[in-house]
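Colleague: Take the given structure of chain Y and dock chains C, L and P to it, following the hints.
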Amino acid sequence: MNLLETTTTALLTLAIYSFLAGDNPFYKFAEHLLVGLTIGYTLVITLKSVIWPQAIIPMGRGEMPGLVPLILGCLILLRLVPRWAGWSRISLALVVGGGAGVAIPAMLKARVLDQMAATANGVTSWAGWIILIGVLATLTYFVFTRAHRGAWGTSARIGRYFMMVFFGATFAYTVMSRVALLIGRLEFLMGDWLGILRS
Amino acid sequence: MGTSRRWIFAVVGVVAVAAMIFRPGFPLSVSQETRHVFDLIDSLDSNSVVMISFDHEASSLPEVGPLGTAIVDHCFRKGIRIVGLALFSEGTAAGYELINRRASAAGKTYGTEWIYLGFRPQYTSAILGMGEDLGEVFSRDYEGHSLAESPLGSRIHNYRDIALVISVADGSMPTYWVEYAQARYNVKIAAALTAVMVTSYIPYLESHQLTGIVAGLRGAAEYEQLLSAPGAGSRGMDAQSAIHALIAVLIVAGNIQAWRKRRSQTGRGTNQ
Amino acid sequence: MSAFNWRCRVSFQFAIASSIGAVIALIPAAALADSASSATSAAGWFHSSRIAELIGIVIAILALAIAALLVKRGKRLQLRSLPALDAVGDALGRATELGTPVVYSTGWGGDMGRPTTMASMGILAEIAKRAAEYNCRLLFPSHDPLIVSVAQETVSQSALAVGRPDWYRADDISFVSQSQLGYAAAVDGMMARERPGAVFLLGSFEGEALILAETAHQTGAMTIAGTDSTIQLSFFLVACDYTLIGEELFAASGIVAKDPAAAAAVWSQDWLKYLVLTLLIVGAALTATVGFNLFQWTAR
Amino acid sequence: MRDRLAIITATLAGAFMALQYFITLPIANSAYRAILSWMQIIAAFAIVVGVFGVIRLHLERIGRKRAGWLYSVTLLAGVLVMTILGFAGGIDRGTSFQWVFDHWQAPMQSTVFSLLAFYIASAAYRGFRARSGESAILVMAAIIVMLGRVPLGEWLSPILPNVSDWILNVPALAAKRAILIGIGLGMVATSLKVIAGLERTYLGGR
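Going down the list, the sequences are from chains Y, C, L and P. The numbers in the working numbering rise by one with no breaks, and the one at position 38 of the first sequence is 25. Take any residue in the second sequence, note its place counting from 1, add 18, and you have its number in the working numbering. Take any residue in the third sequence, note its place counting from 1, add 95, and you have its number in the working numbering. Take any residue in the fourth sequence, note its place counting from 1, add 749, and you have its number in the working numbering.
Hints are computed from structural coordinates only; laboratory data are not their basis. A quick note: this is a predicted structure, and the numbers were derived from the prediction, not measured. C-beta: ideal position from N, C-alpha, C; glycine also. Don't take every hint at face value.
Simulated restraints, written as ranges between beta carbons of each label pair [stated by the list, open to error]:
{"hint": "1", "chain 1": "P", "residue 1": "Arg782", "chain 2": "Y", "residue 2": "Asn11", "range": "44 to 50 angstroms"}
{"hint": "2", "chain 1": "P", "residue 1": "Gly838", "chain 2": "C", "residue 2": "Gln140", "range": "21 to 27 angstroms"}
{"hint": "3", "chain 1": "P", "residue 1": "Ser779", "chain 2": "L", "residue 2": "Asp181", "range": "48 to 54 angstroms"}
{"hint": "4", "chain 1": "Y", "residue 1": "Thr111", "chain 2": "P", "residue 2": "Arg753", "range": "51 to 57 angstroms"}
{"hint": "5", "chain 1": "P", "residue 1": "His852", "chain 2": "C", "residue 2": "Ser164", "range": "26 to 32 angstroms"}
{"hint": "6", "chain 1": "C", "residue 1": "Ala271", "chain 2": "Y", "residue 2": "Asn11", "range": "23 to 29 angstroms"}
{"hint": "7", "chain 1": "L", "residue 1": "Asp181", "chain 2": "C", "residue 2": "Trp25", "range": "51 to 57 angstroms"}
{"hint": "8", "chain 1": "P", "residue 1": "Pro775", "chain 2": "Y", "residue 2": "Ser36", "range": "24 to 30 angstroms"}
Heads up, simulated DSBU-like pairs for lysine-lysine below, C-alpha to C-alpha not over 35 angstroms straight-line [unchecked claim]:
{"hint": "9", "chain 1": "L", "residue 1": "Lys353", "chain 2": "L", "residue 2": "Lys224"}
{"hint": "10", "chain 1": "L", "residue 1": "Lys353", "chain 2": "Y", "residue 2": "Lys96"}
{"hint": "11", "chain 1": "Y", "residue 1": "Lys96", "chain 2": "L", "residue 2": "Lys167"}
{"hint": "12", "chain 1": "P", "residue 1": "Lys814", "chain 2": "L", "residue 2": "Lys224"}
{"hint": "13", "chain 1": "C", "residue 1": "Lys206", "chain 2": "C", "residue 2": "Lys96"}
{"hint": "14", "chain 1": "L", "residue 1": "Lys170", "chain 2": "L", "residue 2": "Lys224"}
{"hint": "15", "chain 1": "C", "residue 1": "Lys206", "chain 2": "Y", "residue 2": "Lys96"}
{"hint": "16", "chain 1": "Y", "residue 1": "Lys15", "chain 2": "P", "residue 2": "Lys814"}
{"hint": "17", "chain 1": "L", "residue 1": "Lys224", "chain 2": "Y", "residue 2": "Lys15"}
{"hint": "18", "chain 1": "C", "residue 1": "Lys96", "chain 2": "C", "residue 2": "Lys126"}
{"hint": "19", "chain 1": "L", "residue 1": "Lys170", "chain 2": "Y", "residue 2": "Lys96"}
{"hint": "20", "chain 1": "L", "residue 1": "Lys224", "chain 2": "L", "residue 2": "Lys167"}
{"hint": "21", "chain 1": "Y", "residue 1": "Lys15", "chain 2": "Y", "residue 2": "Lys35"}
{"hint": "22", "chain 1": "L", "residue 1": "Lys353", "chain 2": "L", "residue 2": "Lys167"}
{"hint": "23", "chain 1": "L", "residue 1": "Lys170", "chain 2": "L", "residue 2": "Lys353"}
{"hint": "24", "chain 1": "C", "residue 1": "Lys206", "chain 2": "C", "residue 2": "Lys126"}
Just chain Y, same shape as in the assembly (with noise of 0.2 angstroms):
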C-alpha cells in the first residue's frame, strides 16, 4: 500500500471515530460515503450475483420455474407504483408465510428439544444439576399467565438470578472479540498509516 492510499483511509477511519466526540462535518461526510457505497456495493453483487443467473438467465433458457420468481420480483416492484402497491403483498405473504414455515420444525429443534435433551441428559454431574435447576427457575418466570407470587415468585427470582449471572457473563465475554476490533483499527493507524509499532 502506498502512502496516499493509507492517507486516504486513515482518514476516513478517523472522520468515523471524530463521532466519539459529538456529531460535526466530518462524521457527517464518512456516514454518507460509507452509506452510498454500501447500496451500490448491495445493488452490484444483487443484480449480478441474484437476479441475473436466478431470475433472468432461467427464464432465457425458457424454463418455466423461472417465470415464477420473475412474476414474484415484479409484483415487488410495484410497490413504486403507490396504486398498485397493494399487489406485493402476495409476494411478502411467500416470504413471510414460508419464512414461518422454515422456522417452525427449526426453531423446535434447535431452541427447545435439543436444550431441553442437554438439560435433562446432564444431571449426571453436579454442575448438570445446577444447570437444571437454573433452566427451570429461570422458565417460570417466563410464564406470563400467572402472577409472579408465592413459591411460583420465588422460583423466578431465582431465574432472574441466573439470567443477571449470563448477562453479565456474556457481556464481559463478548468484550473480547469487540476490544480485537478497536485493537485491528489502532494497528492499521498507528503501524500501516504511522509506522510507530514495534514488531
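Modeller: Structure of chains C, L and P alone, referenced to chain Y:
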C-alpha cells in the same frame, strides 16, 4: 453526562494506544486447545498439503487475521504446502492478501509452495464437490492459472490429498465443513474462530468431529508464543488486558459515583 | 369489518384444519416407516428420526387451537404486566412534550421471514397508533426493503385506525442500507441530528445493538429494547432503560394487540412451557435413577 | 380478493415449508429449494425498490436545497461510483470496485464496528450499578469473566480463569438454555399464527 462520556472515550483510546506501544507483556499461559492445533500442524510431514478456507466477513479480519497469519507462518516454516480458498465472498481478497504477504516474507513461491483457489458461492455444493473432484469446482486458481498446469494444483485432486482443512471463520461455516467434508470424506477439520464463537464449537471438539480449535486474539497470541514469534496477537493481548482492566475499573468507579450521589441526596433529605 | 372477521375465521379454520389434517396423515406413515426399518434414519418418504419435532408441532397446534377456542368462548386471561410495555406511553408522551420524533428499529439481524420481526411489527402497529394520536413523528430506518414495505403497510393502517391518515408519512419509513455497519452509521447520524425523545429497539439485533443503544442514550432518548439475540440482550439490559428479554418480546406483541387470537397465542405458549417443565423434571429423574434417555429421539 | 390470495399464499407456503422438513422425497426437497430461491429473488427485487427510494429521497433533498443537501450529493456519489465501477469494470480481484471496497468501504465498516469498544466502556460505567441483589450479581459475574479471560486476570489470581469458565459453563448456560427455549416457543407460536392467518400485520391489518 456528555462530558464524562467523552472522558471515558478518551481514556479508552489512550489506554489502548499506550498498551500497544509500551507492551507491558503480561505472562500468558497456552491453552490446551491451542497447543493441540500447534502440535497437529507440527506433526505433519513437510511437503504435505494444508487447506485454509477464509470463511469470514471483512469486519472480523482484525480478530481472525492474526490467527490465520500465525498458522500460515507455522506451515511455511515446516515446509507444508498451503491451498487457500474462501467460502465467504468477503474473505476472498483478505485471505489472498494474508497468505501472499506471509509467503513473500518467508520466500515461498506461488504455484509450487502455495496456491489460492478463490471464492465459490453455494458452500454446501462447493465443499461436497471438492470431495469428488477439486478440479471440477476450481478449474482455475484466483490468479487465473489453470489448476492442471500448476505444480501444486495438479497434485491435489480431492480431500485424500489434503492433510488438514482449517476454516478461518466468524460464523457457522465450520459446522458445514464438519457435516459435509468430515462426515462424508473423513478429512480432518480444525477451526480458527472469533472468541465469541468458541462455546458453540466445544461440542464438536468433544465429539472429535473437529480436530482442533484456536480462537480470538488470545489464541493468536498463544500460537505466536509457541512459534516464539510475537506478532499482532501478542501486541493485541496487552491492549486487551489493559482495556478489560479499564472496564472493570469503570464499573467500580461508576458504582462509587452512584453511591456518593445517593448518599449526598439522602443527606439532604435528613437536613430538611 | 364483519366481512373481515368472516374471512379471518374461515382462513383460520381452514389453516388449522389443513395443518392438523396433514400432520395426522403423516403419523401413521411415520409409524409404518419406523417399524419397516428401525435403524435407518430415513425410511420410505418420512424422516423417522424427526418424529419428536412432528409431535411437538402437533402439540403446539392443538394448544393454540384450544386456547383460541376458549378465548373465543369468553375466557378472560390475566396477563402479567411488562414494565417495558407500560413505559411505552411515557416514552411517547415524553417525545411529544419535547416536540421530538421517536425512532423505531427492528435491528439488522432479522428479515421478514423471521418470526421475531413479525412480532416486532405487532408492537409497531400499537406504537404507531399512539404516536398518530399524539401527533408525534415516527422514524423507521431499516436495512431491508421488505421490512420497509411491511412497516409502511402497518403504520399507515394504524394511522387510519385512529382516524389520522394525514399523520402518516411514507418517507419516514425508509430503506437505509443493507450493510450492517452502514446501517448503524446512518441510524447513529439520524439520532444525533433528530435528537429523538424515545428510541425503540425491538427485533433481531447483532453487533449494531450497543452502537445504537449507546448513541440513543447519548442523545438523551428514553430507550426501550427487546431482542431474541442472546448475546445482545446483555448489552441492552445494561445500556437501555427497559428491556424485553427473549420470549417477552413475542408475548408483548400479543399483549399490546388486545385481540383474542394474540392472547390465545400467549396462553398456548405458557401451556407449552408447563409441558417443557414437566418433561425436564421427568427426563432428569429418569436419567438420574435408571439411566433412561427420554430425549433419545431428538438426538441424531 | 387480492388479500385473500395473499393469505392463502402465506398459509400454503408456510404449511409446505414446515412439512417438507419431515419428508425425504426428492421432489419435496427440490420444491423447498425452489421456494427458498424465490424468497431470495423477491428480496433481491426489493433491494431495487429500496435503492430507488433512497435515490429519490436524496434527489429531492438536493433539488429543494434542504439542510445538509451536500451530504446527499456525497451519498449519491458513493452509490454512483460503486454502481459504475461494478458494471463497467467487473467485481473481481484487482478491479477498481474491489479497490474501493478494500480501501474505503471495509475500513470504514470496521471502524464503525470498533466504536463498540468505546461504547462498551461507557455502558459499563453507567449501566452496571449494584442497586439491588440482582444487579450486584450482574456486576460480579461481569468483572470475574472480564478479568478471567485475559492474561492480566491470570496474573492477578490463578483461579480466576477457572471461576470464569465455571460461570460461563454452569449458571450462565442454564439461563441461556431457558431463554432459548422461551424464544423457541415464542417463535413457533408466532409462526403458527402467521400460517393460520391470524397474524396479518404484514397485510396492514389484523
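Colleague: Taking only the CA atoms, is the gap from Lys170 (chain L) to Lys224 (chain L) under or equal to 35 angstroms?
Modeller: holds, 27 angstroms
Colleague: Going straight from one Cα to the other, do Lys206 (chain C) and Lys96 (chain C) come out at no more than 35 angstroms?
Modeller: Roughly 19 angstroms separates the two Cα atoms, so the pair holds.
Colleague: Just tell me: holds or violated, for the beta carbon distance of Asp181 (chain L) and Trp25 (chain C) against 51 to 57 angstroms?
Modeller: violated, 35 angstroms
Colleague: Please work out if Lys224 (chain L) and Lys167 (chain L) have their alpha carbons no farther apart than 35 angstroms.
Modeller: Satisfied, since the Cα-Cα distance of roughly 25 angstroms is no more than 35 angstroms.
Colleague: Decide if the proposed pair is consistent with the structure: Lys96 (chain C) and Lys126 (chain C), CA atoms, cutoff 35 angstroms inclusive.
Modeller: Cα-Cα ~12 angstroms, so holds.
Colleague: Per the hint of 48 to 54 angstroms, is the separation of the Cβ atoms of Ser779 (chain P) and Asp181 (chain L) within bounds?
Modeller: Roughly 50 angstroms apart at Cβ, these two residues keep to the hinted range, so it holds.
Colleague: Decide if the proposed pair is consistent with the structure: Lys353 (chain L) and Lys96 (chain Y), CA atoms, cutoff 35 angstroms inclusive.
Modeller: holds, 30 angstroms
Colleague: Taking 26 to 32 angstroms as the hint, is the beta-carbon distance of His852 (chain P) and Ser164 (chain C) inside that range?
Modeller: With Cβ atoms ~30 angstroms apart, the hint holds.
Colleague: Decide if the proposed pair is consistent with the structure: Lys15 (chain Y) and Lys35 (chain Y), CA atoms, cutoff 35 angstroms inclusive.
Modeller: holds, 30 angstroms
Colleague: So if I understand the rule, the pair passes when the alpha-carbon distance is 35 angstroms or less; does Lys170 (chain L) with Lys353 (chain L) pass?
Modeller: Holds: Lys170 (chain L) and Lys353 (chain L) sit about 14 angstroms apart, inside 35 angstroms.
Colleague: With a cut-off of 35 angstroms on the C-alpha distance, tell me whether Lys206 (chain C) and Lys126 (chain C) pass.
Modeller: Judged against 35 angstroms, a Cα distance of about 25 angstroms means the pair holds.
Colleague: Take the C-alpha atoms of Lys353 (chain L) and Lys167 (chain L), compute the straight-line distance between them, and say whether it is at most 35 angstroms.
Modeller: Between Lys353 (chain L) and Lys167 (chain L) the Cα gap is close to 13 angstroms, so the pair holds against 35 angstroms.
Hint check: a violation occurs at hint 7 only; the rest are consistent with the structure.
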